[in-house]
Amino acid sequence: MKKSVPAALFLALACAFAGTPTALRADPPASAPVFAPANQLNPGKPLPFTLRQVFHRLEHDRTEQFPFTEVRTFAISKNPLRQTGTLRTGKEYGLSLSYEGTAKPHIIIVDDKGLIDRQPGGGERQVTIADHPELAALTDLYLNLLRGNAAKLFDYADVYFTGTAQAWELGLVPHDAAVAKRAGKVVINGGGHYVTRLENLLPNGEKRTLELGKVERNPKFAPEVVQAFFRGQS
Amino acid sequence: MPTDELPTARPLAPWRATAVLLFLLVAGGVILFRVQNAPKRISVDVLELLPRDEQDPTIRLARQTVSGRFGRTLYVALHDTAHPDKAPVEAAALVAGELRANPAFADVFTGLDPAAKDRLQQWFLDRRLALRLPAWFDAMTARWRKEKGPNASAEPDSAWLAAAAAADLGEFQNTSDALAYQERLPSDPLLLIPGLLSVFGSQDKATAGSMAGGALVKKGPDGITYALIQAETRGSQMEEAGQTPVFAALDKGLADARAKYGPGVSLRFTGVNKFASETREHGLKEVSILTWISLGLSFALLLFAFRRVVVFAYLLLPILTATLWSLEICFAFFDRVIVVALTFITVLVGVALDYGIYALVHARQTAGGLARALKEIRLPLVAGCLTSVGGFVFMTLTNLPMLQQMGLAVALGLVFSLGIDFLYLPWVPALRAADQKQGEVSNASGRRLELGGMRFPLLALVSLLVASGLVFAARLHWSDDIRTLSVMSPALQDEQTFLRGLFGVESKQHPVLTFGANLDEAFANLEKFNATLSSTATDPADRFINLGRLFPTAGQAARCREYFRSHPRFADDLRAALDKDFNADAFAPFWTDWETWRRANDHDAATGPAALLSGLREVLPLPLQFLWSEEQPGSAWLATTVSDGLYNKLPPAALTAPNTPIDQTQTINAALRRYRLAASQRAGIGLALIAVAVLAIYGWRRGVFMLVIPALSILLTLAVLGWMGQTLGLLHVVALLLGFCLASDYSIFLGSPGELPRSTHRAILLAASTALLSFGVLSFSKIEALKDICLTVTLVIAFVLVFCEAGYRLFVRRGAV
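In the order they appear, the protein sequences are chains U and W.
The numbers in our numbering rise by one with no breaks, and the one at position 74 of the first sequence is 74.
In our numbering, each residue carries its 1-based index in the second sequence increased by 1000.
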């Protein structure tokens, strides 16, 4: 007889809410010039040279670190919100956004297990892929981009590309409706082999822009850095 | 057929007597199986060991719960052996569809689909102000007092409250959730729904599986990916309605899934019904195998002793008839007979056999055959039988169903068995052949016990045995554990653990139910329980979750109502505060909802938290329906899940009524202890009365001789069990009683040998050996309860055998008794 109120039952309730905002969006995502039909790439054909170079670099860099400035533009806010911090990526560890220039510093970690919002002082909130399957597509999209896995990218999104080697623009429209609602259309800008800006375009003109500073390629992350900024052993 | 070997009055011819018994046997069988439907009334529910009118409210509530929805849940997992890494979601959908259409099922759940999520979230969103505003206001009031210090007013200033809410919203916009929540913010600038989510920690999100292709899937520890279905049966799974039709529906679902998706599709399930059905089969199968082995060995021994096959048929016929009819009466008195009691009844055969053996052995030494033998030994037979019956009759005076059933069936079985022996055996032609060997040491039953020169060494030996027995018996540990009474097979237990693990039910969390006469009272009790839980939680890992943490308490609701009634300007203050950084008009949906809520708050009467549950049941998927219940009239409950660490820190008083942990092992064990003490007391009184009767019938010296042997055997058995480090419980008390009854049978036979001490000795040897074989074989049972009983009785008989042999050689053979 034992045990019959599963703890996990409550979790379904939590899951329902965690999924709420993404499920209710109705408006189509905002657009950008890169999403012109002529710019859509065909998964069966070779990638443009510039993009191949970008993916080649991404594929070979094990770790990267950028300073970033994030600007959030929301319909309800009178002014955009600006935050600064450090973005760290590692093939083994995933992606970490450390928000430092804000009243409440915190770290967002995205890896193949899900998402962690780590607060200063040790508290953290985890959103696992097991609880939120829609997150799997989202993290796969970002992590494949990070790993320079161009072929996999086509599994999760329609890919658009335009521009020159000095100033190019990559657009992604996620296939999964839940991901599309959560991340919107993704626009990635770059110059040469490097990404300089990442933008999520959401309905109602809302957007989040991540301006990336000078990249530090293949920095060695000490164990304490991994522990602090990635999932680590926790 | 020499007439002098037969009784003078013979109402029935031998074949007619046999025919009557055979008729009784067959009729008994038909009534038992067809009319009384006995196999379906055998209970394997350990909770039925306790009386229905059990006074402990915790146990009473636990019984109600098990018989309610908890006992009707079924966990089903499908996998495909051809594709172990891919959950057969289409096959699961097909099976689930068939189960939904089957009237044996009340509800079937295959996962929280997006539509169900939408319904659930909309329910909470529509009620966010009523549900979450009181807790939000309490938290803000605490912040106000902390910020403003001890001189601040008890309630926050409306402008401060509005400014704090706007500041919180500003901070929220910088969080990771903000992007996803923008759409809802116009309706929820106070962040009531994100506040609702903060009640849950990441530990609470250990999932019961994830959704894939519209089905709940989970990779098992065996590396196989399963598609999961949770179902609720309409009928109780302890009964037929929740078993056969349910099993048939699952079989059909699997067959259809295999036909459509390939033969590799497999289905595993667990539920109380499988548990009940397979346990019944397993328990009965094992008992029947061991009983047949035990009977077979006993017969082999008797064959060796009597060398005539037909003898057993004649001996067995009265016993089987008596056993069958004692069961008839037992099933007539009790709705359900507990399997442990039933297994105990099977050993009755071994005891009843003793009477026949004793009579037969005497008959072979007596000129008058069985009729004369039965007449000569009727006193020890009746005395021995009454000794056993007396002990067991007193068991029926307890209010424990298991002991009542054992006591009634065994006592009746013994009386019937001896009665039929007296009535039937004299007419048995096959046993009339006399093998008279007169000339044994003549021994008048009235002779006094003479110890002579053996007095001192004998007393010294007995004292030594008693002293050493007491030393070891003092090491005994007495404790009752209801789990040892379960007859569930280990394989079934493993299967249950595995499947429940897939559904996330086997985590280290403890479900506790908080009861009340109605839901509002249950909520009030839950508030107190939550206060205890909060004050006991000292570690971040100490967690608990229940509806009481999502719903406002009566106090919170009242404070909130009063504040916003007396601060009507709050909406204006909030608008002004928001307008600094936000577009206040963007929150139009909130202003509308606020106005509706405020008007209701100003005019409507206060309602309890239970009123807020209205309509929730309709949008909840099956697993979430275990959050609360009001299905039992006059008894509602709310469920709490408490983390292992916190549960272990709770004071015992916190887990007594109205709070009831679903795992009632400890409480039930305490109840079993009470019943053990009661059973010991009653059996002790019964045995004391029997001892007085034996002393009265046989006199002081002979009576003591008859009583010392069983008493010493019991003491030494306890000593051996103590030496083995055994933990003794209620069933051991029953076993010791049975052992005492058997031992006193033998000692009474030995102490009253009549004219034929050698044949008495031989009969005892034979009877004790068959009993030893019967109980010895049964002590190999995997059923803990049966094993405990039989091992204890085997030890008692072994000691009795030794003492009887010593008694015979020292006293009886020498004519000292």
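Because the hints were derived from the structure by calculation, they are not lab data.
The C-beta atom is built at its ideal place from N, Cα and C for all residues, glycine as well.
Be aware that one or more of the hints could be misleading.
Claimed, not checked - Okay, the calculated beta carbon distance ranges per label pair: (1) U:F49 <-> W:D1494: 32 to 40 Å; (2) U:N149 <-> W:R1617: 28 to 36 Å; (3) W:D1085 <-> U:T69: 39 to 47 Å; (4) U:F49 <-> W:A1588: 47 to 55 Å; (5) U:P120 <-> W:G1149: 21 to 29 Å; (6) U:N218 <-> W:E1618: 52 to 60 Å; (7) U:D155 <-> W:A1653: 15 to 23 Å; (8) W:S1535 <-> U:P223: 55 to 63 Å; (9) U:Q53 <-> W:N1648: 53 to 61 Å.
What the hints assert, rightly or not - Derived pair list, reagent style PhoX-like, types lysine-lysine, alpha-carbon separation capped at 25 Å: (10) U:K78 <-> W:K1580; (11) W:K1086 <-> W:K1219; (12) W:K1580 <-> U:K104; (13) U:K104 <-> W:K1148; (14) W:K1260 <-> W:K1040.
Handout entry: In rising order, the numbers of the hints this structure does not comply with
Key = 1, 2, 7, 8, 14
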